[in-house]
Amino acid sequence: MLPLSLLKAAQDNPMLVELKNGETYNGHLVSCDNWMNIQLKEVICTSRDGERFWKMPECFIRGSMTKYLRIPDEVIDKVKEEAFKPRGPRPGGGPRRGGGGGGRVEDNKNFAFRLR
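Per full-length UniProt numbering, the sequence shown starts with residue 1, numbered consecutively.
Cross-link-like lysine-lysine pairs, in silico, DSS-like; alpha carbons within 27 Å at most:
{"#": "1", "residue 1": "Lys80", "residue 2": "Lys8"}
{"#": "2", "residue 1": "Lys67", "residue 2": "Lys20"}
{"#": "3", "residue 1": "Lys41", "residue 2": "Lys67"}
{"#": "4", "residue 1": "Lys55", "residue 2": "Lys41"}
{"#": "5", "residue 1": "Lys41", "residue 2": "Lys20"}
{"#": "6", "residue 1": "Lys67", "residue 2": "Lys8"}
{"#": "7", "residue 1": "Lys67", "residue 2": "Lys80"}
Keep in mind that the hints were calculated from the coordinates and are not lab data. Treat the numbers as computed from the prediction; the structure is a model and nothing was measured.
Based on the sequences and whatever the hints tell you, model everything.
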């Protein structure tokens with residue numbers, strides 16, 4: 001399970017983001033990109049000392065500033081289940097690449113390989 005696929009599956013779910021400077025942001029994930037930049041809505045920001053709070057309709061967090069992400073366990077379980085689901089046939093339904101040999105090495109008398 002890759003962190004980016006987990007983040008994409010967590011869209012529209014609540015999450016906590018802790019920044020490297022100690023501030024925390026609690027909100028609902030709207031979107032994320034390949035650099036793990038995160039957009040949250042209905043956000044409550046907490047100062048690093050935990051004494052001040054700000055409520056914001058939305059915010060954008062740069063991925064390189066993120067220290068910690070916390071998402072609901074249900075999202076993690078959902079991603080785990082999807083990872084182990086058997087995949088159906090590929091679109092097109094034709095033969096796979098290589099089509100002729102069937103992977104039988106013993107039938108090929110001129111078989112050789114090279115280690116790189």
